[in-house]
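Visitor: UniProt numbering puts the first residue of the sequence shown at 1, with every later residue one more than the last.
Calculated directly from the structure, the hints in this document are not laboratory data.
There could be a bad hint or two in this list.
[What the hints assert, rightly or not] DSS-like cross-link-like pairs, simulated, lysine-lysine; straight-line CA separation at most 25 angstroms:
1) K131 x K121
2) K86 x K72
3) K79 x K64
4) K79 x K65
5) K64 x K52
6) K93 x K79
7) K93 x K72
8) K135 x K124
9) K121 x K135
10) K65 x K52
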Amino acid sequence: MRVWFSTCVEDSTDIPEHGKKTGKPCKFFHFIPGDKVIEGRARDLLLRLTDKQLRFQSENERLKKENADLIKENADLMKERADLIKGNDDLMKENAGLLVENGNLLHENGVLIAESESLVKKIKHLEKKVKRSEKICRRSQKVCICVFCMLSAVSAIGLFIGLQRLH
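Take the sequences, apply the hints, and build the full model.
Guide: Pasting the structure below:
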């Protein structure tokens, strides 16, 4: 009866064909129970392989734990990213609302500017009318003064004539 063992740490099977999981060439040994020299070498080799296997297993456990921590951290980061995306969406909606409000205010501002320009035109038109009225008033005052002067002159003449007649 032959006993097979492999130098591949990941694989210590009874069948040599299964020892190529790592892609590295594995060495397979077999020994016949009872051959003390071969059994001693095989035992030493098996102990070294077992020691390596234990180190690899502990390293594998550490890496699994580290991987689990990284997966958890990744999940936390994904959640944070989702929160940031949601916050960004909320800000984009708020920004869209502000843009609409800004557009409405710009329209209202345009209407107010148009009304203001219309009022400025009306004020200028009224200023022209006021100037015309002032000119007419000044002329009227001159006419009034002239009429008053004429009336005064006529009265003075009349008074003079009246006084003359009295004498």
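Visitor: Please work out if K93 and K72 have their alpha carbons no farther apart than 25 angstroms.
Guide: Since the Cα atoms of K93 and K72 sit roughly 31 angstroms apart, the hinted pair is violated (cutoff 25 angstroms).
Visitor: Run the distance test for K135 versus K124: straight-line Cα separation, threshold 25 angstroms.
Guide: holds (17 angstroms)
Visitor: Verify the proposed pairing of K93 with K79, using a straight-line Cα cut of 25 angstroms.
Guide: Distance of about 21 angstroms is within 25 angstroms: holds.
Visitor: Starting from K131, check that the Cα of K121 is at most 25 angstroms away, please.
Guide: Satisfied, since the Cα-Cα distance of roughly 15 angstroms is no more than 25 angstroms.
Visitor: Is the Cα-Cα distance between K65 and K52 25 angstroms or less?
Guide: holds (20 angstroms)
Visitor: Between K64 and K52, does the CA-CA distance stay at or below 25 angstroms?
Guide: holds (18 angstroms)
Visitor: Given the hint that K121 pairs with K135, does the C-alpha gap stay at or below 25 angstroms?
Guide: Distance ~21 angstroms between K121 and K135 Cα, so the pair holds.
Visitor: Under the criterion that the straight-line Cα-Cα distance not exceed 25 angstroms, is the pair K79, K64 satisfied?
Guide: Status holds; Cα separation ~22 angstroms.
Visitor: Please verify whether K79 and K65 have alpha carbons no more than 25 angstroms apart.
Guide: holds (21 angstroms)
Visitor: Could you grab the alpha-carbon distance between K86 and K72 and see if it respects the 25 angstroms cut-off?
Guide: Distance ~21 angstroms between K86 and K72 Cα, so the pair holds.
Checked against the numbered hints given earlier, the structure breaks only hint 7 and satisfies all the rest.
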